[in-house]
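Starting from the given sequences, assemble the full structure and let the hints guide the process.
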Amino acid sequence: MRNAVQLAGQRRSQVGFSMVEMLMTAFIMAVGILGLTALQVMSLKASRGSRSLSTAVLVGEDVMDRAEMEGRLSWLNITDTNRAAPTLADIPTLKYVTIVAGTPLVETFNSKGGIPKPASTDLAEQVPFFTVTTSRRPFAAAATGRMSDITVQVQFSDVVDQTNTPVVRTITLSRRIAHG
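In numbering that gives the first Met the number 0, the protein residues as written are 0 to 179.
In short, the hints are calculated from the structure, not lab data. In this text, a Cβ means the ideal position worked out from N, Cα and C, and glycines have one as well. Don't take every hint at face value.
Calculated pairs, DSSO-like style, for lysine-lysine (alpha carbon to alpha carbon, straight line, at most 30 angstroms) [said to hold, decoys possible]:
{"no.": "1", "residue 1": "K44", "residue 2": "K94"}
{"no.": "2", "residue 1": "K116", "residue 2": "K94"}
{"no.": "3", "residue 1": "K44", "residue 2": "K116"}
{"no.": "4", "residue 1": "K111", "residue 2": "K94"}
Taking CB as the label site, the calculated pair distances span [said to hold, decoys possible]:
{"no.": "5", "residue 1": "T120", "residue 2": "L22", "range": "50 to 56 angstroms"}
{"no.": "6", "residue 1": "V40", "residue 2": "K111", "range": "21 to 27 angstroms"}
{"no.": "7", "residue 1": "P117", "residue 2": "F138", "range": "36 to 42 angstroms"}
{"no.": "8", "residue 1": "A25", "residue 2": "E60", "range": "49 to 55 angstroms"}
In structure tokens, the structure reads:
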């Protein structure tokens with residue numbers, strides 16, 4: 000009987016955690032939470048950089064799509080049988096398929112991907128962020144029309160490294176376009 004009473008007393012004294020165990024647990028949790036906070040900061044920086052890169056790709060695709068549309072319009076204009084001797088001068092607003100080889104066309108776009116608007120109250124719409132350089136290299140002449148390799152290069156500065164210095168990022172898109 001005496002052994003049973005001693006065992007019950009030992010069990011009662013061992014119930015719960017000691018102060019040292021609690022401090023060690025708190026320290027381990029603090030280190031883990033600190034690591035998660037650093038991971039969150041890095042994630043936010045990467046998200047900002049990927050958003051700019053994604054917008055740059057959209058701007059480049061937009062310019063490339065406009066160049067392809069001009070090519071199709073000029074091709075349709077030159078192959079239209081209802082017109083007498085059509086020329087590229089019949090479409091005065093051509094901008095991309097008429098670029099002189101070796102002389103690139105440079106345009107700027109704001110951080111939202113639009114044309115900068117100096118009168119806007121939104122700073123993101125005022126300041127040029129993307130610089131788009133479009134160039135044309137003649138590829139071949141067909142019986143009715145031409146083909147050109149159109150290259151669109153989008154450059155922008157983004158703060159993505161640990162020292163917060165601007166890093167110039169570039170994307171390049173190329174397509175072969177048939178045009179008049």
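Now the hints, each set against the structure:
1. Taking the CA atoms of K44 and K94, the gap is near 37 angstroms; set against the 30 angstroms cutoff, the hint is violated.
2. Under the criterion of a C-alpha separation no larger than 30 angstroms, the hint pairing K116 with K94 is consistent with the structure, at around 21 angstroms.
3. The straight-line distance between the Cα atoms of K44 and K116 is roughly 27 angstroms, inside the 30 angstroms bound, and the hint therefore holds.
4. Between the alpha carbons of K111 and K94 the distance comes to roughly 22 angstroms, so the proposed pair stays at or under 30 angstroms and holds.
5. The given range of 50 to 56 angstroms is respected by T120 and L22, whose C-beta atoms sit roughly 54 angstroms from each other.
6. At about 25 angstroms, the CB distance of V40 to K111 agrees with the hint of 21 to 27 angstroms.
7. Between P117 and F138 the beta carbon distance is about 38 angstroms. The supplied range of 36 to 42 angstroms therefore holds.
8. At roughly 52 angstroms, the beta-carbon separation of A25 and E60 lies within the given 49 to 55 angstroms, and the hint holds.
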